[in-house]
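With the hints as your guide, set chain P onto chain U.
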Amino acid sequence: MPVTKAYPFEPEEAPPEYRGIPRIDPVLCIGCGACANACPPNAILRIDDPQNGTRRIVLDVGRCIRCARCEEVCPTGAVRLTTEFEAATDDRGDHVEVVELGLARCRGCGKYTHYTERQVEKVLSLIPRGILDFDRVREKLPLCSECKLKLTVLNATKFGEVDGL
Amino acid sequence: MKSLWVFHVNTGACNGCDIEILDVLTPYYDIERLGVKLVPTPRHAHALLVTGPLTRQAYHAAKMAYEAMPPKPRIVIAVGTCACSGGIFHDSYALRREYRESLEYPLKGGTSEFLPVHLYIPGCPPRPEEILYGVALLKNIVEKKIRGELFREGTFVLPRESFNAWVEVLLRARIRKELGYFDGYSLLKRFMELVESSESKEELEKLVEKAINDEGDSRLRYGLEKLYSYYLEVVRTYEGILAAKRAIIGLPK
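First to last, the protein sequences are chains U and P.
Going by the numbering used here, 33 is the number at position 9 of the first sequence; the sequence numbering is gapless.
Going by the numbering used here, 67 is the number at position 55 of the second sequence; the sequence numbering is gapless.
Watch out, some of these pointers could steer you wrong.
To be verified - Derived pair list, reagent style DSS-like, types lysine-lysine, alpha-carbon separation capped at 27 angstroms:
1) U:Lys29 - P:Lys151
2) U:Lys146 - P:Lys201
3) U:Lys29 - P:Lys75
4) P:Lys49 - P:Lys84
5) U:Lys29 - P:Lys14
6) P:Lys14 - U:Lys146
Don't read these hints as lab results, they were simulated from the structure.
Pulled out of the complex, with its shape left as it was, chain U reads as follows (with noise of 0.2 angstroms):
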């Protein structure tokens, strides 16, 4: 009985806990960049782009050396190390999975912000009813740091002519 296997000419399984290429879904990333953080070799990039408002998730699978920690740290679950295995080329382009996201507009000046609408839905989907006035968070949340600055400003002078400092 021969023991060599066939591999090329048939088609191969990886076991389920195989750690192989990443993959990000698209339809669950909210681009927070935690992956890029917490990425040793930094083989997931986070670069803004204010002047275009979108944000690219760079993944580059010819750096990923699948220590899964993406895995561990991503808040929805985008980004699984799924048990393919086939990833050689001759182009490096073929390694590169991008996600572009849409940055979200500040209320206040209109400019983009340094975070993405998605962050702003998931935010406000983690609040539970009943502890925090969910409306009026939804109605002060875009807003860019220099808005918020300046709303903590003139909040606080407010404070103080109500006490009659």
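Structure of chain P alone, referenced to chain U:
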């Protein structure tokens, strides 16, 4: 080309990829049936099998080996993530590399920066099947499977809303400590489906009990029990906060 004779150079690899290359030569995987033979000198070789991120010390040796090869095919195969793009060693002090902006992709580094590479086989280390697949790709036996992809704005799905999403975030951190991410997250997904499918607390208790009894793995049984107790804890906390808020503001129930 009928047979590919390869010369193996280690340019600073951690030895993981080298062990996999040895594995490929064993009778179980047997790369020699594809005509690949490991030769002891670059003068006999068609292809240079490079592993490792190309350290400064190894650079000159690798260059000499490359120049000693016969000029006709002169194929370079980069095996492993390090050889493809630098891998975990991409910003090591010992590497021979050029300064570059870090936000360019595909990411550069490793052997591919100084030698014209014909075939990239990523993996850390690549399993023997991956190397077999790469060689088969070079010999046009198999089709290329991976493609570069660009996704723009499309449909967006949030699996859970409001209270359940909040519960999931809290349970995630706890179950990761108990079982780890691999089993824990899939178990949490199962548990949250039970929570969403049940109408009342009694029904959920029955469903969880049934799931625990049906589960064959004792680790997962333990995880389910823990998840259920954490879930009850979170629900109790939530009701406590609501009651406290009602007492302060004086909201009607």
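Subject >> Numbers of unmet hints, in rising order >> reply: Failing hints, ascending: 3 and 6.
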